[in-house]
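*Asks:* Starting from the two chains in their separate frames, assemble the complex, guided by the hints.
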Amino acid sequence: MFDGLILLGQGIAHFLTPAGLFNVAWATLLGLAIGILPGLTATMGVALLVTLTYKMAPDQAILTLMCVYLGAIYGGSRTAILLNIPGTPANAAATLDGHPLAMQGKAGLAMGLATTSSTLGTLVGIFFLAIIAPMLAEAALKFGSYEFFWLALFGVVISGQMTGSDTPLKGYIAGILGLLVAMVGMETLHAYQRFTFGIPALGGGVDLIPAMVGAFGLAEILSTMKRTAMPKIAAVNDRVIPTLREIFQYWKTIIRSGIIGTFVGIIPGVGEDVGAWSSYAAAKKRSKHPEEFGKGSQEGLIAAETGDNAVVSAAMIPTLTLALPGSAAAAVLIAAMMIHGIRPGPMLMIENAPFLYQVVAMLLLATLANLIFGLSLTKVFIKVLSVPRERLMAVIYVLCVVGSFAITQRMFDVYVMLFFGIVGFILREMKYPMAPLVLGIVLGDLLDLNLRRGLALTNGDPTPFFTRPISAVICLIIVLTILMSIPAVNRRVRALFTRNRGGVEAQG
Amino acid sequence: MSADASPIRPADDNDPARIRADLITALVLVALGLAVTYFSWTMDRLEVRRIHPSTIPGLVPLILGIALTLCGSLLAFRSARLDAKAGGAALIRILVSWQAVRVLTVLGLALIYTLGFVGRMPFWLASALFIFAFITLFETVLADRPGSLPRTLIWALIVALGAGLGVHYIFGQIFLVRLP
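These protein sequence lines are chains A and B, in that order.
The opening position of the first sequence corresponds to residue 1 in the working numbering, with each subsequent residue numbered one higher.
The opening position of the second sequence corresponds to residue 1 in the working numbering, with each subsequent residue numbered one higher.
Extracted from the complex, chain B is given alone in its bound form (with noise of 0.2 Å):
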């Protein structure tokens, strides 16, 4: 198939790997689906105000609903005809590989700061201590050639307090932009 619908653009469709997520992610689509199509179906038809039964609120969503369900249906029945030998081993080794962990940490760290640090502090500290953690940790424990940790400090301190203060008082002071 990918050759008939890309045949400009190179690609890639015989990973094992993601042939398996493609029919997890079908399946997740098609419980998506039906759910959004069960909400529609069931979503208020306003027939005290009187209005005419082809203009209901759940009209379009209960055909995207329908849509999603027969979409991810296909996408589930293309990835489980394709071959997909030892997909999901090979599945499992993208989740716990050294990606998956800088991948995870960047994404802890954004959780961390927004959910936790801003709001609760100056937008400023919030910013320089999200900074500064980020800066360290991709460039001691998660790089693949650690340089010197005082450098690294150094580096982290400067961009931290520079983006920290520079956001404040570039968006805050002349750009009059409203900081969290």
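Chain A extracted, bound-state conformation (with noise of 0.2 Å):
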């Protein structure tokens, strides 16, 4: 317990002096400025910003992108609220009560509000990555291979499941293509090549980044340069800092949201949408005034904005701990992290322990530097919401060709990026959610190399799959997941919970 405090201590002295300061200042400016500008989302940012912190020392690199992390997802909610689209997915819920707070004449009190429950909410994701990062990585010292394999199939699962938006299936699909992706390439195990037909630069596999580019990229300004017009910005005449009275009449919603962001954190793959829509439905059911919902409620508003930067803290708990990305970010994190030599997974806090208090740290100094511009910048970031899309769209599409170049200074890995964009704009378009694609392609080379390693360390015995107590509950919870996923399953399941309750009430 101490030794953690100590640690944690260490970490946030470790980012106090003028370089990391610096570090976290334009970091955490950028961060807002993608985040407020729609069509540029949170994990475009870190994407396109790993080629620019490729030669700075790996804690200022994690430092500098986890700020534009942190800095988008909480940017989003300007947006949302002065434009009535989300600056990133994550504030997709913030529009639905933040634009008619705007509307009202109350533009400012909703960028307080935003800004207070995003801060509020990271500390709560932080609080909990401090105290469950340390169990889980101690835990997932005793998984092997048979663990691992069920883990990285659950993450593909469960994201798929939890992120379809019109039908679980169709998560699924992105999944098994993103595990189909990094099937192509040099395996592990045997070092044979698959699906290479000829091509030499295939050998070496797909890599992450140049297909986060494409995907987050160039897919984005597509989707944005398809609409013609854009909507008026409200207008901010009242004042932006809230007072407590207003923000803590609702500690029952900032916490539960905190805690649902939390959960939906540590979920591998199931972004801060999910926990900002999860938070945001938890909040209008427990809420007193539940008619407000969606015609400029406070509550829904703060509930949003707590629950999306709750999951950013929290996403960290299974990206550093297993190697899980707990959100898309996160997978671009990971891929950054082995750039610069840090491993994350179960032996961080063996080989590596002071960095896990070193990203608590991190998202601490982010969260503040947060609080600190967005409550003082308003005029600035009015200015940045005001850029033209035209302008904008062209030079980012220049960093993404950059972006995808710069790391291993392959024109292949521009035409993965130009693959990636195009098709990952057909799924967007499709309604296919991204981020089980992301996973697909972190977790396939896991997946694939700990299923066959497991078979033949017991001599194509498949039983240990099964019959190991924490393979056999991650199993168990995949096929519950899956069918569940079944429209049929799940109304019989709904229908005899339904019963049940409707008996109880009627015996009482």
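Keep in mind the hints are simulated off the structure, nothing from the lab.
All figures in this text were calculated on a predicted structure; none of them were measured in a lab.
For glycine and all other residues, C-beta sits at the position ideal for the given N, C-alpha and C.
Please note that a few of the clues may not be correct.
Stated by the list, open to error - A few chain B positions that, by computed beta-carbon distances, are all more than 10 Å from chain A: (1) Pro16; (2) Ala21; (3) Leu34; (4) Pro61; (5) Val103; (6) Pro122; (7) Tyr169.
What the hints assert, rightly or not - Covered stretches of chain B, going by a simulated chain A footprint (3 or more residues, C-beta under 8 Å): (8) 45 to 52; (9) 66 to 77; (10) 86 to 93; (11) 107 to 114; (12) 171 to 179.
*Replies:* The structure is reproduced here in structure tokens:
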């Protein structure tokens, strides 16, 4: 317990240097601008910035990326409130009440509430990160090939189930496509080249960063430029800094949303948007004034913004301890950590224990910077919001080319970016979620290697995959998740519970 | 299904064009799944190296190929069952819409820049040309309310040169990143 506190103190002190604070300031401002600008997402920002941080020291590089990530998720709420379009997908739930508040002349209050609730959400997530991550890392040391196979599969399945917008089938398909992408290139067990079709560049497989820059950069540019007209920016005439009473009268909502966001963040590949929607739905269900939701409810806005920011911190729990990305942006962070020689996973606490607490410190500093900039630079951010997308998107595409080329200096990676951009755009238009696809690419190798290694250990006998206790539990969860996504099964199970409850009520 | 799948998020799965497009995509996915299954089945099983048959390189791709075929078939079945009256016409309307023209323009410019310009001229010049063409097209021909042409051209030139040279100096000189 005290070891943890000491390590946390050392982590904070580690970054309280002029260089560290300078990086926090510019990266947070950049993240905020990325979040505010419609069409630029947190994942895109982090993926593009990996290139810039390539030559930095590892800790400063991850600090910079983390500030951009958190800044963008928070910054998107500005766009949601003032423009009625989410700055990043995470802020979609914030538009429901944020924009009506702005229309009622309370844009400043809405921005203030979003800022403070974002900070509180991050703090709740940080609290759980500091507590859960060391315990999970210790437990994960007992995991073998069997457990890691199931965990990788669980990540893809649960991400597909929870992010598939009109049917989980599309989520599963996106996950399978991601896993198939990971199958391209040399496999690690027998060093055999799969699906390379004689193209030497495919031998090393598809790198995550160019694929992400395409799927979140070019695809986003195409989506943004598709829209013809942009809505008008709402006027800000009231105060931005909220009173303590305005915030803390909803303390129950804040804690609940923070916990929901944390839970969503821990689930691999289920990002901030699900955290925000889940918190919003729970707040509406429990609210004394559910009729105000969607018409400018302060509680609704607080729930949405607390939920999505809690996800960011909590997403670091599986990312750092199991190397399973908690969100799409966390997947890029894993790739960035690998580039900088940091190996996330169960061994992190043994090999590099202070790093976990440095991440906690990074999140604390980033959220503090968000709070300060968010409450003080309102006018500047409104100016950012009015940058014409026609001028911005062209420059972003140039950065996509640079970002995908710079890491390995191969034009092949630029073509990979282009391919994933086009495929990603088509999939998005068809309502296929991107998170399972990304998770599939990241976890494909883990899944493949651990399944075959496990089978090799038992001479082809699959029994341990089902009989080892942790394996059996994860396997059962996967089966239940898939079964529950079948409409007929889902309906029957729900009906069963409703009937039972009805029976109990009738008896009472 | 949508209500069950995602009770917290608003969803629109009744769009006839989407249902028809889903059917077409599902068929493509089934074809892809079958192709992956075939290539995985015929993949070298490394018998000469005497590896255990359960660790063949094609094992996981084979499972994934079958899973993709299965999911694609289910999606095709679901889309075929849902009512999609005039779905084909609605889909074609989307494909030939103004929005499609805008998307194809971005894509065309990106392809010309990436495959044609980059590597054949200095990166800053290639980028400046791309940005200039992009801004000019989208602020004049493809704009809903086009502004004055001289103003657009001046802005396009400023942004193009600023970004082209800016990327060259910031990435290339300050952060020492290799440019294409």
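*Asks:* Give a verdict on every hint.
*Replies:* Structure-based check of each hint:
1. Pro16: holds, 13 Å
2. Ala21: Label violated. Min Cβ-Cβ 6 Å, cutoff 10 Å.
3. Leu34: Check passes; 13 Å lies beyond 10 Å.
4. Pro61: violated, 5 Å
5. Val103: violated, 5 Å
6. Pro122: holds, 13 Å
7. Tyr169: holds, 13 Å
8. 45 to 52: holds (count 4)
9. 66 to 77: holds (count 6)
10. 86 to 93: Coverage by chain A is violated here, the residue count being 0 at a Cβ distance below 8 Å.
11. 107 to 114: Per the Cβ count (5), the hint holds.
12. 171 to 179: holds (count 6)
When held up to the earlier numbered hints, the structure conflicts with 2, 4, 5 and 10 and fits the remainder.
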